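A.B. asks: Read off the chains here:
Protein chains: 2
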Amino acid sequence: MAEVQLLSFWSSPYVMTVEVALALKGVQYEKVPQDLSDKSELLLKSNPVHKAVPVLLHNGNCVCESSIIVQYVDETWPAPKGSADLLPADAYGKAMARFWADYANKKVKDALTGILKSCKRSEEEKKAAEEHMLSVMGMLDSALGEMGGAGPFFGGASMGFVDVILIPLLPSLPAVEGLAGVQVPLVQRFPRLEAWFAACQAHHVASLLPSSASISEYVSRVHLPRLSP
Amino acid sequence: MAEVQLLSFWSSPYVMTVEVALALKGVQYEKVPQDLSDKSELLLKSNPVHKAVPVLLHNGNCVCESSIIVQYVDETWPAPKGSADLLPADAYGKAMARFWADYANKKVKDALTGILKSCKRSEEEKKAAEEHMLSVMGMLDSALGEMGGAGPFFGGASMGFVDVILIPLLPSLPAVEGLAGVQVPLVQRFPRLEAWFAACQAHHVASLLPSSASISEYVSRVHLPRLSP
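Keeping their order, the protein sequence lines are chains V and Y.
In terms of full-length UniProt numbering, the first sequence is residues 1 to 229.
In terms of full-length UniProt numbering, the second sequence is residues 1 to 229.
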């Protein structure tokens, strides 16, 4: 058995976050894909509270919840030579990173789901969902300016906590835009976020993410039919 | 101006959490009470995203969100002589504390609100709200056994992160029980949690909490009329 195992599911944004964090810290691990429609004994035993992926297994410890796993990874393994830890060293930098990671976790998924749901609704509700998405993106764009300094990442010159929380947007945002027939005007409205997307796409960890086309197919087959109109 | 200020509101459980954390770390601070029906420039400027208390002001930094403030406090000030930090030193201990703090934040308030709401509903819904509360309390009771060792706190012999997140239960649980006419059978069902309540009541930080009677009066006057039946 590998020293580090990750209970995973290919389309989970929370799993993507943890995979990217592990890659940035140079941690070798074995991916253990889970069938979420028929949960394994291993998953139920290692995350009895939420019964969800990702779960990191390390030294007999089970660590659950992506944000908590990322911090565990950051506190357990040193950064590879020439790279930085995911969280800043100072308490205020840590607080800022935690604040925006929490904001991203709470707001971005809701905003994306809102856009998907609004497909089936009135023009007014579509407009409201788009406006909400724009306000969330605007907040993130400001945070990127405040935290990232000269950028291009929230972590500055290298990816940090907020970057790994947000990186599932790379496949998810184009997928949702395509399915809903809307487009978030990144270039015109949020040039810093636009540059962030470009820098993430160019980073070697982008190869760990599923394609936008596969997410689009999965969401339209599995999630869209379940969304209440 | 004091070196540390806390934008506060007397009945906020999140403010109670931060006040207890500051007291445990021996940090002197000035409380700056806020009028939440007419938010001050200072509050809007220091927490533009959520516009909510608590906010900790320290060295020109604004730190928001109670869980994040508690970690900032723990990472900024050393524990007073003879006492321990709020989070354990090891990465897995930290992950466990963060997991249960997050669980408490997400589930306990919802369970209490569920009980309050169920007052106005059918016997079946009342029963369901009570069962949900019991399942949350059961999870916390197990976590206390797992994390707290010989106890009496989640932090072991002294209060830690999960304890300060949960301590607003001291006034809130009896208030909600009284208003809803139910009683969580702590003594029979959750002896570890019962001992936790007793140890918290006996701790000097309990004097920082408002009385159960004042919370009860406030909830019945301000929150109950707003709850949809």
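Hints are not guaranteed to be accurate.
Pairs involving identical chains hold if they fit within one copy or between any two copies, as the list cannot separate such chains.
Unchecked claim - List of simulated lysine-lysine pairs, DSSO-like, C-alpha gap at most 30 Å: (1) K45 x K127; (2) K81 x K51; (3) K81 x K94; (4) K120 x K31; (5) K127 x K39; (6) K25 x K117; (7) K39 x K94.
These aren't lab readings, by the way, just hints derived from the structure by calculation.
The structure presented is a predicted model; accordingly, all values stated were derived computationally and were not measured.
A.B. asks: So, for every hint listed, does it hold in this structure?
C.D. replies: Here is what the structure says about each hint:
{"no.": "1", "hint": "K45 x K127", "verdict": "between (44 Å within a copy, 28 Å between copies)"}
{"no.": "2", "hint": "K81 x K51", "verdict": "neither (36 Å within a copy, 41 Å between copies)"}
{"no.": "3", "hint": "K81 x K94", "verdict": "both (21 Å within a copy, 25 Å between copies)"}
{"no.": "4", "hint": "K120 x K31", "verdict": "neither (37 Å within a copy, 49 Å between copies)"}
{"no.": "5", "hint": "K127 x K39", "verdict": "between (39 Å within a copy, 29 Å between copies)"}
{"no.": "6", "hint": "K25 x K117", "verdict": "neither (37 Å within a copy, 46 Å between copies)"}
{"no.": "7", "hint": "K39 x K94", "verdict": "between (35 Å within a copy, 27 Å between copies)"}
When held up to the earlier numbered hints, the structure conflicts with 2, 4 and 6 and fits the remainder.
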